[in-house]
Amino acid sequence: GAGVSQSPSNKVTEKGKDVELRCDPISGHTALYWYRQSLGQGLEFLIYFQGNSAPDKSGLPSDRFSAERTGGSVSTLTIQRTQQEDSAVYLCASSSAVGGAGNTIYFGEGSWLTVV
Amino acid sequence: KQEVTQIPAALSVPEGENLVLNCSFTDSAIYNLQWFRQDPGKGLTSLLLIQSSQREQTSGRLNASLDKSSGRSTLYIAASQPGDSATYLCAPSGNTPLVFGKGTRLSVIA
Chain A
1 GAGVSQSPSN KVTEKGKDVE LRCDPISGHT ALYWYRQSLG QGLEFLIYFQ GNSAPDKSGL
61 PSDRFSAERT GGSVSTLTIQ RTQQEDSAVY LCASSSAVGG AGNTIYFGEG SWLTVV
Chain B
1 KQEVTQIPAA LSVPEGENLV LNCSFTDSAI YNLQWFRQDP GKGLTSLLLI QSSQREQTSG
61 RLNASLDKSS GRSTLYIAAS QPGDSATYLC APSGNTPLVF GKGTRLSVIA
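Protein sequence lines, in the order shown, are assigned to chains A and B.
Letter 2 of the first sequence, counting from 1, is numbered 2 in my numbering, and no numbers are missing.
Letter 2 of the second sequence, counting from 1, is numbered 2 in my numbering, and no numbers are missing.
You may find that some hints are simply not true.
Listed below are the simulated SDA-like cross-link pairs for lysine to any residue, each with C-alpha atoms no more than 25 Å apart in a straight line [said to hold, decoys possible]:
| id | chain 1 | residue 1 | chain 2 | residue 2 |
| --- | --- | --- | --- | --- |
| 1 | B | Lys102 | A | Ser73 |
| 2 | B | Lys102 | A | Phe65 |
| 3 | B | Lys102 | A | Ser58 |
| 4 | B | Lys42 | B | Ser107 |
| 5 | A | Lys15 | B | Gly41 |
| 6 | B | Lys1 | A | Pro55 |
| 7 | B | Lys42 | B | Val108 |
| 8 | B | Lys102 | B | Ser28 |
| 9 | A | Lys57 | B | Thr96 |
| 10 | A | Lys17 | A | Arg81 |
| 11 | B | Lys102 | A | Thr104 |
| 12 | A | Lys17 | A | Ala2 |
| 13 | B | Lys1 | A | Gln50 |
| 14 | B | Lys42 | A | Gln41 |
| 15 | B | Lys42 | A | Gly59 |
| 16 | A | Lys57 | A | Tyr106 |
| 17 | A | Lys15 | A | Asp63 |
| 18 | A | Lys17 | A | Gln37 |
Hints were generated in silico from the structure; no laboratory data involved.
With these hints in hand, go ahead and build the complete structure from the sequences.
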């Protein structure tokens with residue numbers, strides 16, 4: 001697609017429910033990233049994919065968080081048994097590769113999650 | 001581990017002023033550095049990407065400089081406008097995903 005697309009744009013869920021957030025990267029981009037931004041805070045790295053593999057999962061805050069990517073394209077971030085502290089905007093980004101001199105990273109508009 | 005600091009955290013200026021935003025980073029082994037803009041309630045928009053071999057990159061009223069060896073970058077905004085009001089983030093990139101500073105929140109007053 002023309003840009004990074006994320007869905008849903010907004011999600012309100014009850015504490016304890018599971019949620020899935022979807023990211024559709026720019027066509028042809030092999031690298032995909034998930035970040036989290038809590039209200040008034042900076043961007044927190046969660047996980048990235050190179051193709052379908054995730055070399056670095058160190059940023060996932062707990063084992064309630066998981067992510068997968070299939071077909072080198074769409075990625076899903078799943079949060080199980082949501083807690084109120086999970087409320088944040090979840091941002092997805094993609095680039096043609098990880099690192100490298102000319103690899104501009106493009107962000108989606110984010111999925112705003114509120115856990116009540 | 002890369003750490004990024006942005007100064008000032010917030011800045012308020014009258015319309016028309018030229019201004020400089022500062023970014024420092026601890027690991028100079030980078031390929032490039034990107035400056036982003038984030039409007040309230042929105043995602044990030046890439047403004048400039050400056051490669052590690054470059055000293056400067058310009059786009060319109062924006063000019064970014066990079067001193068890789070000292071771990072510093074600046075974003076210069078000329079003739080600021082109210083539409084420039086946003087949070088500006090810098091992110092150096094090495095072999096690992098981008099690490100972001102906390103940003104500078106800019107308000108340009110008409």
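message: Which constraints among the numbered hints does this structure fail? Numbers only, ascending.
response: Structure breaks hints 1, 12.
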